[in-house]
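On the provided structure of chain A, position chain B as indicated by the hints.
In order, the protein sequences belong to chains A and B.
Taking the working numbering, the leading residue of the first sequence gets 1, the next gets one more, and so forth.
Taking the working numbering, the leading residue of the second sequence gets 345, the next gets one more, and so forth.
Hints in this document: simulated from the structure, not taken from any laboratory.
Glycine residues also receive a C-beta, built at the ideal position from the N, C-alpha and C atoms.
Simulated DEER-style distance windows between Cβ atoms:
#1 M505/B x S209/A: 23 to 31 Å
#2 A256/A x R435/B: 50 to 58 Å
#3 E86/A x T372/B: 31 to 39 Å
#4 Q473/B x S116/A: 44 to 52 Å
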Amino acid sequence: MAEDSFLHLARPLGPVSVGTAPTTAPLNVVIQPQAIFSVLDHSLRRNVDQERVIGTLLGTRSEDGSEVEVRSAFAVGHSEAEDQVEVDMEYHKQMLALHLKANPREVLVGWYATASELNTFSALIQNFYSGQGDGTWPHPAVHLTVSTEAGKDLETRAYISAPVGVTAERAADSAAFIPVPYELRYGEADKSGLESIANAKDAEDRSASVTSDIESLERAIEEVLSMVDRVSRYVESVIDEETPASTAMGQFLLNALALAPKVEPADIERDFNNHIQDVLVVSYLANTVRTQMELSTRLATAQLTLGSGVGAEGPSTGDNQRNQRGGKNQGGRPRQDRTEEARA
Amino acid sequence: MAEIPAPLAAVQVEALVVMKIIKHCSQTFPSTATGGIVGMDVDGTLEITNTFPFPVVEVPAESHFDNAAPNPAAAAPRAKANAAYSAEMIRMLREVNTDANSVGWYTSANMGNFVNMNVIENQFYYQSQLNERTVALVHDVSRSSQGSLSLRAFRLSSKFMAAFKENKFTSEDLQKSNLRHPDIFEELPVKLHNSHLITSFIHQLQCPTSTASTELPPSLAALESSPFAKTSTLTPNFDNLSLSIDPFLEKNCDLLLDSIETHNTEVNNYQYYQRVLGREQQKINAWKQKRAQENASRATLNQPLLPEDEWQRLFKLPAEPSRLESMLNTRQVDQYARQVDSFVSSSTGKMFAIKGNLLPNETSN
Numbered sequence: 001m002a003e004d005s006f007l008h009l010a011r012p013l014g015p016v017s018v019g020t021a022p023t024t025a026p027l028n029v030v031i032q033p034q035a036i037f038s039v040l041d042h043s044l045r046r047n048v049d050q051e052r053v054i055g056t057l058l059g060t061r062s063e064d065g066s067e068v069e070v071r072s073a074f075a076v077g078h079s080e081a082e083d084q085v086e087v088d089m090e091y092h093k094q095m096l097a098l099h100l101k102a103n104p105r106e107v108l109v110g111w112y113a114t115a116s117e118l119n120t121f122s123a124l125i126q127n128f129y130s131g132q133g134d135g136t137w138p139h140p141a142v143h144l145t146v147s148t149e150a151g152k153d154l155e156t157r158a159y160i161s162a163p164v165g166v167t168a169e170r171a172a173d174s175a176a177f178i179p180v181p182y183e184l185r186y187g188e189a190d191k192s193g194l195e196s197i198a199n200a201k202d203a204e205d206r207s208a209s210v211t212s213d214i215e216s217l218e219r220a221i222e223e224v225l226s227m228v229d230r231v232s233r234y235v236e237s238v239i240d241e242e243t244p245a246s247t248a249m250g251q252f253l254l255n256a257l258a259l260a261p262k263v264e265p266a267d268i269e270r271d272f273n274n275h276i277q278d279v280l281v282v283s284y285l286a287n288t289v290r291t292q293m294e295l296s297t298r299l300a301t302a303q304l305t306l307g308s309g310v311g312a313e314g315p316s317t318g319d320n321q322r323n324q325r326g327g328k329n330q331g332g333r334p335r336q337d338r339t340e341e342a343r344a
Numbered sequence: 345m346a347e348i349p350a351p352l353a354a355v356q357v358e359a360l361v362v363m364k365i366i367k368h369c370s371q372t373f374p375s376t377a378t379g380g381i382v383g384m385d386v387d388g389t390l391e392i393t394n395t396f397p398f399p400v401v402e403v404p405a406e407s408h409f410d411n412a413a414p415n416p417a418a419a420a421p422r423a424k425a426n427a428a429y430s431a432e433m434i435r436m437l438r439e440v441n442t443d444a445n446s447v448g449w450y451t452s453a454n455m456g457n458f459v460n461m462n463v464i465e466n467q468f469y470y471q472s473q474l475n476e477r478t479v480a481l482v483h484d485v486s487r488s489s490q491g492s493l494s495l496r497a498f499r500l501s502s503k504f505m506a507a508f509k510e511n512k513f514t515s516e517d518l519q520k521s522n523l524r525h526p527d528i529f530e531e532l533p534v535k536l537h538n539s540h541l542i543t544s545f546i547h548q549l550q551c552p553t554s555t556a557s558t559e560l561p562p563s564l565a566a567l568e569s570s571p572f573a574k575t576s577t578l579t580p581n582f583d584n585l586s587l588s589i590d591p592f593l594e595k596n597c598d599l600l601l602d603s604i605e606t607h608n609t610e611v612n613n614y615q616y617y618q619r620v621l622g623r624e625q626q627k628i629n630a631w632k633q634k635r636a637q638e639n640a641s642r643a644t645l646n647q648p649l650l651p652e653d654e655w656q657r658l659f660k661l662p663a664e665p666s667r668l669e670s671m672l673n674t675r676q677v678d679q680y681a682r683q684v685d686s687f688v689s690s691s692t693g694k695m696f697a698i699k700g701n702l703l704p705n706e707t708s709n
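Same shape as in the complex, but just chain A (with noise of 0.2 Å):
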């Protein structure tokens, strides 16, 4: 998405005392999949006359402070009307209080508005949100648009802010936005989920269930079939000399096909076997442990049923006996399985 490649200047300061001024060393935003779509959900969530609306990004700086990770964010209200904007800071604060007690890890690194246009209230906000005290400073405050114009692409910018003005008076009420490259990233824990959500993005009524091991399997292979077939037809077509050959594609294919292992036989044979056979022994075994277990269970309940009028102790003590000895036996079984496992 950031196909726009950025050039920093640095320029020269506003006239704000030295020392005030937020830095606007360049930096790197990265932006995780949950904040996103916290904003593309307030997005919706707005009152029908609003335009846009804003709210506050929270997350984590590195250490030297040239990258900012958009973590989380939570929505703010406010209202614009032709020659003012209010800001509900009340409830800004209370609401970053409460964030920060569930996660004391996480700052405020910026705020974020849901159209990508950049007006003097923008500036305002954006003076707000770097200022000291409750604001970001010393660091830069990032401001985030997405825009969610309908019927458009959604276009995602990130920037920071320069001082600018010639007094002290206009300085507070401006500031010039300085576009910062942006990436969205995600981590491996991330990407399961997101997967699926991805799998209702061409459904009718936008939702997908929850699949099990073996379907998304089943979904995985495909993709991977279907790649080849693509591959495939692609180097036939070369080979047809229908489509340009190319060298750097020749080698990419061939360095992929490289990676294929080679194994001999017989230690195929014998890894397979070993592993099928640890596989469907532990199968077996968890089965076999329920089953015990639940009739160890029904056992120690159920006895009614077996002796008819006698009280409830007199059967149930040899049925905990058998159910002792059910138990030692499970006990000792995956254990040995273990021990095979170990040498596998």
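Just chain B now, with coordinates in the frame of chain A:
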């Protein structure tokens, strides 16, 4: 409530909630993470639209040896401080038009080990104190890292609720109520749901540059540095093609062994109880016989009879240990076994596929 609403049949989770839960759970992994969920109940489908994590109260260093609360996060949902926290949070969320209706809580799990007293007590608290129509979402971090997202929704069955309320878990009660381990939880199907904006966002993510693809790269280096070589887009997650079997099986065996040990302890407890009970019963019988003899001799001597039911005061029968723990344990083992089954079904497939590929001669004849 005037009319009886339809029972909850399904849970629909917004993409935002999924991502937030994943983030919170994986951040705190391997310790447990919990949080609250808010949403709406529409015709038997519980729509979960937002979530917030519960703060973990940091245990001060000096109380390190205090074993009273080994895992504060696991108990967080029913802690008093958090009730205030979540009430406050929900009030704040209402101001920005979020659904301000607590519909349950979520917890993280590791390899499906979520069937324990903490979860039961939390969910019991939610279903009995706050709102009957609440669910517990369980996100299994380790299973999700293997490829497919594992997010499940559970409720306590009404039968179990009734039994838990009165703590009726002696074997006699269980015989009467016919409560079994599959009856503890009701699992609700989970559906993921995206808003329009998120749908369009994901579409945009997946095709970053559709026009530039026609050009062939001039060199290998260019190809490798091109946006296509970077796997930054959402597209497929091939983690579930990987063949690491042993760690998963090992972990599962460990967990199973733990369960078996719990089972043994429970059985031993019960046996102990029975031995003590038997001994007491014997004593009582001996006492009764003695009293009967005494009374018989007194009757012949025309003396007033001694009361025969005094043994109830003299002897105390031990209380029967609760069967709840072993029931939960059985449910847990059940969970593990199913998990292993599902893993085995996919991994055997993969293994045969690899064998078939690496030994092509084998498959042809």
